[in-house]
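Chains as they are written, first to last, in the working numbering: chain A, 1 to 389; chain B, 1 to 389.
Just so you know, these hints were derived from the structure itself, not from any lab. Given the structure is predicted, the values throughout are model-derived calculations rather than measurements. Each residue gets a CB set at the ideal place from its N, CA and C atoms; glycine is no exception. You may find that some hints are simply not true.
Claimed, not checked - The calculated DSS-like cross-link candidates involving lysine-lysine, where the alpha carbons are at most 30 Å apart (straight line), are:
1. Lys321(A) to Lys178(A)
2. Lys125(A) to Lys14(A)
3. Lys321(A) to Lys366(A)
4. Lys224(A) to Lys224(B)
5. Lys19(B) to Lys273(A)
6. Lys233(B) to Lys321(B)
7. Lys228(A) to Lys321(A)
8. Lys224(B) to Lys236(A)
9. Lys353(A) to Lys224(A)
10. Lys19(A) to Lys366(B)
11. Lys273(B) to Lys224(A)
12. Lys321(B) to Lys178(B)
13. Lys178(B) to Lys353(B)
14. Lys233(A) to Lys321(A)
15. Lys321(B) to Lys125(A)
16. Lys125(A) to Lys125(B)
17. Lys228(A) to Lys178(A)
18. Lys14(A) to Lys273(A)
19. Lys224(A) to Lys236(B)
20. Lys312(A) to Lys233(A)
21. Lys125(B) to Lys353(B)
22. Lys125(A) to Lys236(A)
23. Lys178(B) to Lys228(B)
24. Lys233(B) to Lys14(B)
Said to hold, decoys possible - Beta-carbon label-pair distances, calculated as ranges:
25. Tyr139(A) to Val304(B): 43 to 53 Å
26. Arg197(B) to Asn43(A): 28 to 38 Å
27. Arg153(A) to Glu138(B): 49 to 59 Å
28. Tyr158(A) to Ser124(B): 50 to 60 Å
29. Gly305(B) to Ser124(A): 50 to 60 Å
There are 2 protein chains.
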Amino acid sequence: MSRSVYIAGVGMTKFGVLKESLVELATSSALEAINDAGFSDYNIDRLVIGSQNPDEFTGIGHLSTLIADQLGLIPSGATRVETGPSSGASAFEIGYALIASGLADSILVVGVEKMSQVSRSEASKILAKVLSYENEVEYGATPTALGAMVARRYMYEYGLCRNDLSLVPVKAHRNGSKNQRAHFQNEITVEDVVASRIVAEPLTLFDCCPTSDGAAAALLLSEKIISKVDREKRIKILGLGHATDYHAIQHRQSLTSFYGTIYSSQLALEMAKCSLNDIDVFELHDAFSILELINMEDIGLVKVGHAIDLVKANQTLPDGKYPINTTGGLKARGHPTGASGLAQIHDIVQQLKGTAPQQLQVDNAKIGLTHNIGGFGNNMVVTILGSIY
Amino acid sequence: MSRSVYIAGVGMTKFGVLKESLVELATSSALEAINDAGFSDYNIDRLVIGSQNPDEFTGIGHLSTLIADQLGLIPSGATRVETGPSSGASAFEIGYALIASGLADSILVVGVEKMSQVSRSEASKILAKVLSYENEVEYGATPTALGAMVARRYMYEYGLCRNDLSLVPVKAHRNGSKNQRAHFQNEITVEDVVASRIVAEPLTLFDCCPTSDGAAAALLLSEKIISKVDREKRIKILGLGHATDYHAIQHRQSLTSFYGTIYSSQLALEMAKCSLNDIDVFELHDAFSILELINMEDIGLVKVGHAIDLVKANQTLPDGKYPINTTGGLKARGHPTGASGLAQIHDIVQQLKGTAPQQLQVDNAKIGLTHNIGGFGNNMVVTILGSIY
Numbered sequence: 001m002s003r004s005v006y007i008a009g010v011g012m013t014k015f016g017v018l019k020e021s022l023v024e025l026a027t028s029s030a031l032e033a034i035n036d037a038g039f040s041d042y043n044i045d046r047l048v049i050g051s052q053n054p055d056e057f058t059g060i061g062h063l064s065t066l067i068a069d070q071l072g073l074i075p076s077g078a079t080r081v082e083t084g085p086s087s088g089a090s091a092f093e094i095g096y097a098l099i100a101s102g103l104a105d106s107i108l109v110v111g112v113e114k115m116s117q118v119s120r121s122e123a124s125k126i127l128a129k130v131l132s133y134e135n136e137v138e139y140g141a142t143p144t145a146l147g148a149m150v151a152r153r154y155m156y157e158y159g160l161c162r163n164d165l166s167l168v169p170v171k172a173h174r175n176g177s178k179n180q181r182a183h184f185q186n187e188i189t190v191e192d193v194v195a196s197r198i199v200a201e202p203l204t205l206f207d208c209c210p211t212s213d214g215a216a217a218a219l220l221l222s223e224k225i226i227s228k229v230d231r232e233k234r235i236k237i238l239g240l241g242h243a244t245d246y247h248a249i250q251h252r253q254s255l256t257s258f259y260g261t262i263y264s265s266q267l268a269l270e271m272a273k274c275s276l277n278d279i280d281v282f283e284l285h286d287a288f289s290i291l292e293l294i295n296m297e298d299i300g301l302v303k304v305g306h307a308i309d310l311v312k313a314n315q316t317l318p319d320g321k322y323p324i325n326t327t328g329g330l331k332a333r334g335h336p337t338g339a340s341g342l343a344q345i346h347d348i349v350q351q352l353k354g355t356a357p358q359q360l361q362v363d364n365a366k367i368g369l370t371h372n373i374g375g376f377g378n379n380m381v382v383t384i385l386g387s388i389y
Numbered sequence: 001m002s003r004s005v006y007i008a009g010v011g012m013t014k015f016g017v018l019k020e021s022l023v024e025l026a027t028s029s030a031l032e033a034i035n036d037a038g039f040s041d042y043n044i045d046r047l048v049i050g051s052q053n054p055d056e057f058t059g060i061g062h063l064s065t066l067i068a069d070q071l072g073l074i075p076s077g078a079t080r081v082e083t084g085p086s087s088g089a090s091a092f093e094i095g096y097a098l099i100a101s102g103l104a105d106s107i108l109v110v111g112v113e114k115m116s117q118v119s120r121s122e123a124s125k126i127l128a129k130v131l132s133y134e135n136e137v138e139y140g141a142t143p144t145a146l147g148a149m150v151a152r153r154y155m156y157e158y159g160l161c162r163n164d165l166s167l168v169p170v171k172a173h174r175n176g177s178k179n180q181r182a183h184f185q186n187e188i189t190v191e192d193v194v195a196s197r198i199v200a201e202p203l204t205l206f207d208c209c210p211t212s213d214g215a216a217a218a219l220l221l222s223e224k225i226i227s228k229v230d231r232e233k234r235i236k237i238l239g240l241g242h243a244t245d246y247h248a249i250q251h252r253q254s255l256t257s258f259y260g261t262i263y264s265s266q267l268a269l270e271m272a273k274c275s276l277n278d279i280d281v282f283e284l285h286d287a288f289s290i291l292e293l294i295n296m297e298d299i300g301l302v303k304v305g306h307a308i309d310l311v312k313a314n315q316t317l318p319d320g321k322y323p324i325n326t327t328g329g330l331k332a333r334g335h336p337t338g339a340s341g342l343a344q345i346h347d348i349v350q351q352l353k354g355t356a357p358q359q360l361q362v363d364n365a366k367i368g369l370t371h372n373i374g375g376f377g378n379n380m381v382v383t384i385l386g387s388i389y
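Just chain A, same shape as in the assembly (with noise of 0.2 Å):
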């Protein structure tokens, strides 16, 4: 049997157009973190940074040993680990597996990303990078060209309406507007959304998440010392799930659901020995609006089809049946790609220690999923996470 392995705290700067540097986000995330696990009678064994690009978004490299000299971590050795953007959890994967092995027993995870010192257009080279060039980029695609592809065929699948994929972002503005650390912290409507201009046809800005920059962190502490932290600050990794696709959609068997998504969910629940039932607060991959409802689909939430039905039944709000990215998701909360990961565990933990933002705390959540893409529909990483166990 392998070793347990626990989260004893997180940390999380607001997300947004910052003016703090890549390093100052990440240091900030990192020493919140360790603040949140109230004890200090323990060294950082390890440190593993998450992030997509520092070198061509803000020109810095070499960054698992530059964060672990600002942080004081010295010599403790320092990693940066990447799959696009998943990096985050992927970081978080890695910081678990490290521990589980027996390499370390205490590890400093952090996501960060800095995407708004380049321009909007080369931002946008910089993530089209993620795509298969040969079958994709060549030809123009981006992701967001691939997401109305795929919202476009969803549509024509299964009837969904212009004004119902709407509800998915309008969702996530209600959620993000009582979170301060959210990039978008407004409300928005339905008709907001059809008037906004349109990036990729069918898909307008307000389907699409923002470019963002910001950090977040998890201090993982082995089964043989989380026994110093609080009980009640304690939250176990009960499982994980990481899968591929296909580099290039064309090349994949379905254009409306992700196989990585079905088999990195199935991964994780095994491991976690749990079923979807057990969940009570999901956080879901919503870069683009029409991926909430493929995901809750490929994750085995509903039918093929009828994701809608949830989101018109409000059963994806913080108080409905399957509470659903409550924070924002991606959408509100931003997406500084390499922290996303984190941002979505950060969220999580707080949410089983019942310290959510106001209106948004889920009651009584005991285990939470998370469910954070790499590429466009590829390279999944999905955690299974509780406070029972």
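Got chain A; can you put chain B on it based on the hints?
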């Protein structure tokens, strides 16, 4: 107790300025590692890629998904690991952790870099990003400039002569000339080293490793499935150590000793439960000639200031008491940064299996050590591998 992890096969491309693409290099070394294991009755659970900066060296992003797709590993999880020029050894460390933790039973670890697509000045700029910008790069420092400063100080402190230092690259080229995968396969003399052009005084061209293209790979299996591999093909991972140092060299206590090497090699020896006397063959990160001498002293092979005595006495040759960089090291084998850590492991594994190139085989080698540096004197990863355990 965590689970034991074994190397079942290794692969490596020739190093040099090559026509193959980044992806072709990576997949070619990976397939060789799979074939080397000599059996196929398993799935590969994960792919871990070590690469320093594929985005800026080649324009290619999202490498982990791309290589998983090309190798037919979908839907296995795929992750890229980056710690500068020790990315290959770091990927290997993460591969170990993923298996020892129980998250996987079989992992393909691939280190790759293609550095020749950009101009030399562009490559130098990318490589300099491992240094501290505020303390070093802003003032024009490059890794070679820091190497020169360290060499100069070492010569002053310990009376090392220019012609003595030249013995290190002479030995590297001697070994490289017998290794068909080496970037440089020509012998050189002490006179050649001094006569070659000065890169950063006192270091000449022959004191410095080249920028290379290449890839190396290892197939790791858990104790659960290693029994399917022939007994004489199994190499066990006995120890791992990973340590950082202050990012800027001016913040460290010494110019002529790297604490990260001292600490990471101690960690690896403790984990392996062996002493330095048990190690039969070494790979030490010789990006600059002076580093080989400093590394010998930092891991504890010889008293400070006396590494050159072992070189002069031919004790670092394949038939010496301390065989070091028997296949040419970074200097002659070449240094495609993300690949070097796994090339070291590839060559140590061959030594332990008795399949090293003719004239380079160390007699009866049972335990080997690799040491890979990630920045300039920081982010070191040390591995200890054994054919008896």
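Which constraints among the numbered hints does this structure fail? Numbers only, ascending.
5, 7, 10, 15, 17, 18, 20, 21, 22, 23, 25, 26
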